[in-house]
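A.B. asks: Chains as they are written, first to last, in the working numbering: chain S, 5 to 212; chain W, 291 to 457.
Calculated directly from the structure, the hints in this document are not laboratory data.
Just to be clear, a hint being listed does not mean it is correct.
[What the hints assert, rightly or not] Distance condition first, Cα-Cα at most 30 Å in a straight line; then the derived BS3-like pairs of lysine-lysine:
hint, chain 1, residue 1, chain 2, residue 2
1, S, LYS181, S, LYS144
2, W, LYS303, W, LYS448
3, W, LYS385, S, LYS144
4, S, LYS43, S, LYS181
5, S, LYS17, S, LYS185
6, S, LYS79, W, LYS385
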Amino acid sequence: MVSGGTSKDLSPKQMDALREAGNIGAGNASIALSQMVGKKVGLSVPRASLLPLASVTGLAGGPEVPVAGIYMRIKGDCPGSILLLLEREGALSLADLMITPGMSDDDDMAVRRSALEETGSILSGAYLNSLGELTGLFFKPSVPGFAMDMAGAILEHVLVDVAEFEDYVLVVETDFKISGKLIHGHLVLFPDLGALGAILERLGVPFE
Amino acid sequence: MSDVESVGVAELKGSDDSRVLASYGLGSCVAVAMYDPLRKVGGLAHVMLPESRGTDSEEIPGKFADIAVSRLVEKLVQLGARRTGLRCKIAGGSKMFDIPGNNQWAANSPHTHIGARNVEGIKRELERLRIPLVGEDIGGNYGRSIKFDTSTGEVEVKSIYHGISSI
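Model the full assembly from the supplied sequences, consistent with the hints where possible.
C.D. replies: Encoded structure:
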């Protein structure tokens with residue numbers, strides 16, 4: 005059973021529209037990231053999929069993979085969640101790219117943490133801005149939450165927010181890579197299924 | 291421990307053939323490991339939320355504490371466990387994020403401290419069904435993985451920050 009009764013009926017056309025929206029959002033986010041670190045950023049073709057709860061915790065390569073997660077709830081016209089996942093070693097390298105040398109020693113996790121929160125905030129902001137421009141809808145992200153731990157534990161938290169009344173979760177994912185560095189990231193948008201009608205209508209593919 | 295079978299979010303599985311059941315990367319969810327040590331029957335539920343509020347479904351038998359615990363009992367009895375010989379261990383129920391003014395633990399949120407409420411919901415059900423809770427590894431702000439040997443009742447708990455222990 006899926007509450008709202010619509011999410012399971014998403015047509016291929018609607019999934020394409022969501023993927024394209026994700027593409028535009030991620031494109032904008034990658035420009036922001038590239039400016040931040042002064043390096044080229046490569047992007048994968050985004051994927052949009054409807055997943056059962058038990059599959060969601062495997063999104064970042066497996067539930068036990070150590071990652072940094074930067075998480076924001078989205079309020080406004082189309083509520084949902086947005087999560088930036090970075091493989092742990094890559095996350096630390098990315099933080100170091102952003103920290104002025106000499107500003108902190110290697111053990112200073114607090115400085116790295118705030119650099120990563122900032123990264124998540126800027127990427128998600130850029131992503132949601134272009135989604136807002138595309139749809140004319142208002143997306144307001146919360147302040148970021150941060151955790152460095154098993155990917156599954158982080159994704160469970162998101163599930164509680166987006167799937168209290170759902171058995172399925174809609175995810176729009178993009179992978180990115182910073183050139184010349186072993187930094188791989190994963191940006192995932194989780195629209196609340198109950199609010200999906202609004203965004204699909206603006207994308208020109210409303211529920212019949 | 292061999293022949294490990296994974297029990298994902300909201301799933302529930304039982305075993306009468308000495309299998310090892312596992313839940314990986316538990317955050318606010320709670321793994322409920324129940325067994326009859328004499329009959330060597332055990333089962334695991336990966337509970338995500340405390341209350342079903344009428345949204346329960348057979349497809350996702352382990353999602354809600356208020357339904358998963360009694361479903362687990364039924365399952366084990368079907369597999370040959372003694373209703374009065376059941377014991378239980380739980381692990382998980384942590385708090386992974388703390389987002390100021392905008393999180394699952396904000397005072398006005400329906401999600402207020404969901405990990406702790408999952409644990410409470412499970413304990414309430416265990417008490418109601420008179421099943422002894424003989425071990426727990428809960429709370430904190432870190433993720434856990436568990437492996438549950440259904441033939442012995444042993445639960446191995448692993449985390450990135452606190453290593454491996456056994457309950």
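A.B. asks: Which of the stated hints cannot be reconciled with the structure, identified by number in ascending sequence?
C.D. replies: 5
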